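> Listed here are the chains, written in short residue letters.
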Amino acid sequence: MHIAEGFLPPAHAIGWTVVAAPFVVHGARAVVKEVREHPESTLLLGAAGAFTFVLSAIKLPSVTGSSSHPTGTGVGAVLFRPPVMALLGTVVLLFQALLLAHGGLTTLGANAVAFAVVGPWAGYGAYRLARAAGAGLLPAVFVAVALADLATYVTTSVQLALAFPDASTGLVGALGKFLGVFAVTQVPLAIGEGLLGVLLFRVLTANARPELERLGVLQPTVAPGGAA
Amino acid sequence: MTRRSVVDVLLVLAVVALFAVPLLLDGGASEYGGTDAAVAEELEAGGYTPWFESLSSPAGEVESGLFALQAAVGAGVLGYVLGLLRGRRRAEPAPPPERGHP
Numbered sequence: 001m002h003i004a005e006g007f008l009p010p011a012h013a014i015g016w017t018v019v020a021a022p023f024v025v026h027g028a029r030a031v032v033k034e035v036r037e038h039p040e041s042t043l044l045l046g047a048a049g050a051f052t053f054v055l056s057a058i059k060l061p062s063v064t065g066s067s068s069h070p071t072g073t074g075v076g077a078v079l080f081r082p083p084v085m086a087l088l089g090t091v092v093l094l095f096q097a098l099l100l101a102h103g104g105l106t107t108l109g110a111n112a113v114a115f116a117v118v119g120p121w122a123g124y125g126a127y128r129l130a131r132a133a134g135a136g137l138l139p140a141v142f143v144a145v146a147l148a149d150l151a152t153y154v155t156t157s158v159q160l161a162l163a164f165p166d167a168s169t170g171l172v173g174a175l176g177k178f179l180g181v182f183a184v185t186q187v188p189l190a191i192g193e194g195l196l197g198v199l200l201f202r203v204l205t206a207n208a209r210p211e212l213e214r215l216g217v218l219q220p221t222v223a224p225g226g227a228a
Numbered sequence: 229m230t231r232r233s234v235v236d237v238l239l240v241l242a243v244v245a246l247f248a249v250p251l252l253l254d255g256g257a258s259e260y261g262g263t264d265a266a267v268a269e270e271l272e273a274g275g276y277t278p279w280f281e282s283l284s285s286p287a288g289e290v291e292s293g294l295f296a297l298q299a300a301v302g303a304g305v306l307g308y309v310l311g312l313l314r315g316r317r318r319a320e321p322a323p324p325p326e327r328g329h330p
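Chains A and B, in that order, give the protein sequences.
Following the working numbering, the numbering of the first sequence begins with 1 at its first residue and continues without gaps.
Following the working numbering, the numbering of the second sequence begins with 229 at its first residue and continues without gaps.
Read the hints as simulated data drawn from the structure, not as lab findings.
The structure displayed is predicted, hence computed values, not measured ones.
Incorrect hints may have been included.
[Stated by the list, open to error] To spell it out: a stretch of chain A is covered by chain B in this simulated footprint if at least three of its residues, at any positions, have a beta carbon under 8 Å from a beta carbon of chain B; those stretches are:
1. 2-16
2. 24-34
3. 42-54
4. 124-134
[Said to hold, decoys possible] Listing some non-contacts, in silico: residues in chain B with all C-beta distances to chain A over 10 Å:
5. Ala265
6. Glu289
7. Val309
Note that beta-carbon positions come from the ideal geometry of N, C-alpha and C, so glycine has one too.
Please build the complete structure, drawing on both the sequences and the hints.
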């Protein structure tokens with residue numbers, strides 16, 4: 001999903017940066033607020049950031065014969081709501097743009113919208129819908145994490161189609177072309193990432209129950225002794 | 229092995245299989261080039277010239293090392309947090325209520 005440095009025309013690069021900026025600023029505030037009001041969240045915040053840091057560093061092979069990387073933004077979106085991921089995701093992108101020449105500064109805005117804004121919100125939305133429809137925590141987490149991954153790549157395809165509409169088939173043709181490269185390759189990766197998210201939440205529900213209850217992910221259980 | 233750890237192991241195996249099976253079935257026929265690079269090449273072939281270059285482009289071997297570093301830092305922090313949470317739960321003084329043996 002990293003649009004390479006210099007690969008968006010200046011107008012698009014500026015436009016996406018303007019779109020991304022308020023989300024990232026709002027996200028930074030959300031992180032500061034979370035840490036200040038709930039210092040005990042710092043551990044899980046670190047886990048959410050670390051999850052996206054690992055996953056976005058690993059390129060995985062797909063059935064299409066191409067490789068691509070997962071995003072890891074869904075877990076943090078479910079735990080802390082999407083604004084927090086707008087900051088954490090952008091930090092990851094900045095690291096990769098500056099040190100790895102992966103993505104870029106001119107495309108940071110567009111990549112942040114796809115990776116740190118649309119992905120987390122799509123995942124969180126899917127999570128809320130699944131929970132409202134009566135799904136258990138883990139199935140909802142699977143859907144959220146997988147969809148956050150997939151939605152990121154769909155967004156990248158839309159961004160590229162807007163910048164490079166096909167000469168004959170226009171926007172729709174270009175979108176189909178970019179989706180063909182990104183989205184199809186991404187499907188198995190999204191499923192794998194969803195399973196990893198479920199695995200992480202299994203560990204968290206066993207060991208971090210108080211935090212998950214405070215974040216509203218788990219319903220508080222009233223202990224028989226009444227010590228809740 | 230408890231039922232819980234069986235499920236965990238099955239989940240890990242499913243993830244490994246998801247990526248190993250395409251590789252094995254393929255038999256080395258595909259290059260597994262990155263999708264990001266594929267799109268960039270396609271755009272350049274279509275006549276687009278990037279108007280800005282990366283400030284620093286690490287050489288191939290250094291780059292893969294930095295990617296490994298990114299993964300290592302992430303995995304390290306994640307492992308630290310999960311280990312800490314697990315240790316904290318184990319150190320909890322109150323025994324779980326379901327332990328009702330004589």
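> Hint by hint, say whether it matches the structure.
Checked hints:
Check result for the stretch 2-16 of chain A against chain B: holds, 8 residues qualifying (beta carbon to beta carbon below 8 Å, three or more required). Here's how the stretch 24-34 of chain A fares: 0 of its residues keep a CB closer than 8 Å to some CB of chain B, so the rule of at least three is not met and the hint is violated. Residues of the stretch 42-54 of chain A with a Cβ under 8 Å from some Cβ of chain B number 10, which satisfies the need for three, so the listed coverage holds. Counting residues of the stretch 124-134 of chain A whose C-beta lies closer than 8 Å to any C-beta of chain B gives 0; at least three are required, and the coverage claim is violated.
At the 10 Å boundary, the C-beta of Ala265 (chain B) falls inside the reach of chain A, the nearest C-beta of that chain being 8 Å off. The Cβ of Glu289 (chain B) sits about 13 Å from the closest Cβ of chain A, beyond the 10 Å cut-off, so the non-interface label holds. Listed as a non-interface residue, Val309 (chain B) fails to keep its Cβ farther than 10 Å from every Cβ of chain A; the least gap is roughly 4 Å.
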